[in-house]
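Number of protein chains: 4
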Amino acid sequence: MEQATVRPGGMTMKGEIRLRRGVDHVLGQVKDILDDVDDERLEEALSALEHAQRVFLYGAGRSGLVARAFAIRLMHLGYQTFVIGETITAPVAKGDVVLLISGSGETYPVVMTAEIAKNIGATVVSITHNQKTGIAALSDIVLALPAKRPGPEQEQLAPLGTLFESATWILLDGFVADLMVRTGQTEVAMRKRHATLE
Amino acid sequence: MEQATVRPGGMTMKGEIRLRRGVDHVLGQVKDILDDVDDERLEEALSALEHAQRVFLYGAGRSGLVARAFAIRLMHLGYQTFVIGETITAPVAKGDVVLLISGSGETYPVVMTAEIAKNIGATVVSITHNQKTGIAALSDIVLALPAKRPGPEQEQLAPLGTLFESATWILLDGFVADLMVRTGQTEVAMRKRHATLE
Amino acid sequence: MEQATVRPGGMTMKGEIRLRRGVDHVLGQVKDILDDVDDERLEEALSALEHAQRVFLYGAGRSGLVARAFAIRLMHLGYQTFVIGETITAPVAKGDVVLLISGSGETYPVVMTAEIAKNIGATVVSITHNQKTGIAALSDIVLALPAKRPGPEQEQLAPLGTLFESATWILLDGFVADLMVRTGQTEVAMRKRHATLE
Amino acid sequence: MEQATVRPGGMTMKGEIRLRRGVDHVLGQVKDILDDVDDERLEEALSALEHAQRVFLYGAGRSGLVARAFAIRLMHLGYQTFVIGETITAPVAKGDVVLLISGSGETYPVVMTAEIAKNIGATVVSITHNQKTGIAALSDIVLALPAKRPGPEQEQLAPLGTLFESATWILLDGFVADLMVRTGQTEVAMRKRHATLE
Numbered sequence: 001m002e003q004a005t006v007r008p009g010g011m012t013m014k015g016e017i018r019l020r021r022g023v024d025h026v027l028g029q030v031k032d033i034l035d036d037v038d039d040e041r042l043e044e045a046l047s048a049l050e051h052a053q054r055v056f057l058y059g060a061g062r063s064g065l066v067a068r069a070f071a072i073r074l075m076h077l078g079y080q081t082f083v084i085g086e087t088i089t090a091p092v093a094k095g096d097v098v099l100l101i102s103g104s105g106e107t108y109p110v111v112m113t114a115e116i117a118k119n120i121g122a123t124v125v126s127i128t129h130n131q132k133t134g135i136a137a138l139s140d141i142v143l144a145l146p147a148k149r150p151g152p153e154q155e156q157l158a159p160l161g162t163l164f165e166s167a168t169w170i171l172l173d174g175f176v177a178d179l180m181v182r183t184g185q186t187e188v189a190m191r192k193r194h195a196t197l198e
Numbered sequence: 199m200e201q202a203t204v205r206p207g208g209m210t211m212k213g214e215i216r217l218r219r220g221v222d223h224v225l226g227q228v229k230d231i232l233d234d235v236d237d238e239r240l241e242e243a244l245s246a247l248e249h250a251q252r253v254f255l256y257g258a259g260r261s262g263l264v265a266r267a268f269a270i271r272l273m274h275l276g277y278q279t280f281v282i283g284e285t286i287t288a289p290v291a292k293g294d295v296v297l298l299i300s301g302s303g304e305t306y307p308v309v310m311t312a313e314i315a316k317n318i319g320a321t322v323v324s325i326t327h328n329q330k331t332g333i334a335a336l337s338d339i340v341l342a343l344p345a346k347r348p349g350p351e352q353e354q355l356a357p358l359g360t361l362f363e364s365a366t367w368i369l370l371d372g373f374v375a376d377l378m379v380r381t382g383q384t385e386v387a388m389r390k391r392h393a394t395l396e
Numbered sequence: 397m398e399q400a401t402v403r404p405g406g407m408t409m410k411g412e413i414r415l416r417r418g419v420d421h422v423l424g425q426v427k428d429i430l431d432d433v434d435d436e437r438l439e440e441a442l443s444a445l446e447h448a449q450r451v452f453l454y455g456a457g458r459s460g461l462v463a464r465a466f467a468i469r470l471m472h473l474g475y476q477t478f479v480i481g482e483t484i485t486a487p488v489a490k491g492d493v494v495l496l497i498s499g500s501g502e503t504y505p506v507v508m509t510a511e512i513a514k515n516i517g518a519t520v521v522s523i524t525h526n527q528k529t530g531i532a533a534l535s536d537i538v539l540a541l542p543a544k545r546p547g548p549e550q551e552q553l554a555p556l557g558t559l560f561e562s563a564t565w566i567l568l569d570g571f572v573a574d575l576m577v578r579t580g581q582t583e584v585a586m587r588k589r590h591a592t593l594e
Numbered sequence: 595m596e597q598a599t600v601r602p603g604g605m606t607m608k609g610e611i612r613l614r615r616g617v618d619h620v621l622g623q624v625k626d627i628l629d630d631v632d633d634e635r636l637e638e639a640l641s642a643l644e645h646a647q648r649v650f651l652y653g654a655g656r657s658g659l660v661a662r663a664f665a666i667r668l669m670h671l672g673y674q675t676f677v678i679g680e681t682i683t684a685p686v687a688k689g690d691v692v693l694l695i696s697g698s699g700e701t702y703p704v705v706m707t708a709e710i711a712k713n714i715g716a717t718v719v720s721i722t723h724n725q726k727t728g729i730a731a732l733s734d735i736v737l738a739l740p741a742k743r744p745g746p747e748q749e750q751l752a753p754l755g756t757l758f759e760s761a762t763w764i765l766l767d768g769f770v771a772d773l774m775v776r777t778g779q780t781e782v783a784m785r786k787r788h789a790t791l792e
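Chains as they are written, first to last, in our numbering: chain A, 1 to 198; chain B, 199 to 396; chain C, 397 to 594; chain D, 595 to 792.
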């Protein structure tokens, strides 16, 4: 029923284009989403991280994987870093920075974590869809990453939380570049902190 | 050379520009890297996944987190999916697809996994820097994602494996969009497979 | 102040005795705790597991590690097994067995998991200190493992949840021995299901 | 040969006895195995841990879960503790203690970890079946936990590595009791280090 142009090696034009359309859609939307993030909030989040002694990170599902990827870089930058939910963590204390990632901002364990962290007096930074989510209300600093133009194209090319998660991943790459300068770290120094055993 | 303009809220023009320079560098480089990935190899990898009964994924460190994020989407698409190294996995068997992610392609446990999987008769797909890495030699299908223009800019804005990991993350978003059509899945069906308890 | 007898190799009588006192205390208490577990409840739990298609397991902290160790054995026995909180899980459905481990029975995510599982119509089996804990109230089958004789000796030789966790570990060894017969599995068959890649 | 007496609630005497036979077999064998562990080696291991600044732990599969359970207690005791293979770890350095758990002592990543740790100048402590395993040869201190009387009873009541894993779990409970005194820790102090967020 479907029409496709078969090319050498069994490749169809259709398949190829669809994958590339997905990639281009995500890259374009991520750029749009990140362009709109408020500069002052970014500066506040960077400043909180710059002066943090210890950083705790948490997210559920794919957002949790994005959190862990950033946690590894924070460790490379010399921070004492804890991923909530791993075997070894520590009690959050006043003065710690707690970074939470949740698009919906209503995932229960993330909201609960925000509550506990806020009560303890930690600085809560959240990355979430907008200012009205459950974790936003409990956060000192909210980075809002709204999905742009939801609709059939997004459903087909970037299902579920794809745009939020990919935008957060790339945003945190930017955080690393900025924190390297703020904390005086070089790639060489970061490489040395890379785990010998992994 | 850069001039810092202090703005309300303690934000400096300099900090803001640096974070955005990091984001733009990564987005631009990721696009360049992915544009160069060979279409026939992509088609082969998509076809292998389309016809797989079971998919095993593995990577170390941040590459492992990218692998897990894709594993979650494969589960949403209805695949029996296993992340090597998690509590519950299964023995790899002939006919399974094993997807390995390693920029250097020489990380020991990843190379060992490639060897074992190849000996068992699984289809080994690797995402790695180039055709000459250790895992490439052991793979049926190699997706080469070479870092572009290494140099001081990359060291400062995208340290260590950042470009490889971010490019792989976005590439796999494209895989999901394509596999949705190949396997006849919609966002609604995927949402239903989303874990009730997480 | 303390007196110790130095023996060859730098070993002191004191150190040796203390470690062995800890081991003996735990082994003795575990035996007492398990002797008191209600036989009918054990039979109900074994029967629920015997007839389960899929088993979900969950616990926080060290109890979660005990749950995962049992999950690996259930996989060896041929069950479709999911550890809640790992990368790959699945939605709990009516008819699934959900095994929860929590001494206090009040750890929030465990209670929440019990609630969701109960609402879905899964069979909830909990291992907890007594019938009055939060998860006990939400469970179809409760295995009560009360700590015996709390006091200074326990604080010094088996701090925090040690006795509950160790008793649960050993109890689940017993479950494996029993389920082998119920499901007609041998050690040889279990070894074959052992992960090739780990 | 066995006679099953059906009792109210569908319980059979046979089922009940089988579970309890498994529990009793494991408890008895664990006691025998641990009674035979060399006192001088235990003292050396305790002394190494007592004076360690940082402790790294590693094991594969169920042995890895035993390692993590001990890691949590070391954290409660105030040690800087890292589980190799988790998101956040650190490079092993001269003077660190690396504790490896592997019955066979030949699991590849564990042997590799032993090699790297030894080359770096860390103190390698291994818990393994005997002095001849691969990791024993690379260790400064070997705690040998030989399985007793292998045969049909063990295959049926304690399949695969059950006795080794359960004996190691209980042995490390003894380590905790002893290290509490050596490091001057009380249950109250340990409870305070218990993670606020888990």
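Heads up, some of the hints might be wrong.
Claimed, not checked - A few chain A residues that face chain C, going by a derived Cβ cut-off under 8 Å, partial list only: (1) Tyr79; (2) Pro109; (3) Val111.
As the list claims (entries may be wrong) - Derived DMTMM-like pairs: lysine to aspartate or glutamate, alpha-carbon spacing no greater than 20 Å straight-line: (4) C:Lys544 - D:Glu749; (5) D:Lys625 - C:Glu502; (6) D:Lys786 - C:Asp431; (7) C:Lys544 - D:Glu709; (8) D:Lys786 - C:Asp420; (9) A:Lys192 - D:Glu781; (10) B:Lys229 - A:Asp140; (11) A:Lys192 - B:Glu353; (12) B:Lys390 - A:Asp24; (13) D:Lys742 - C:Asp428; (14) D:Lys625 - C:Asp420; (15) A:Lys31 - B:Asp222; (16) C:Lys427 - D:Asp626; (17) C:Lys588 - D:Glu709; (18) D:Lys726 - D:Glu749; (19) D:Lys625 - C:Glu482; (20) B:Lys229 - A:Asp24; (21) C:Lys588 - B:Glu304; (22) C:Lys427 - D:Glu680; (23) C:Lys427 - D:Glu634; (24) B:Lys390 - A:Glu106.
Hints were generated in silico from the structure; no laboratory data involved. Each residue gets a CB set at the ideal place from its N, CA and C atoms; glycine is no exception.
task: Output the numbers, in ascending order, of every earlier hint that fails for this structure.
output: 1, 3, 4, 5, 6, 7, 8, 9, 10, 12, 13, 17, 18, 19, 21, 22 and 23
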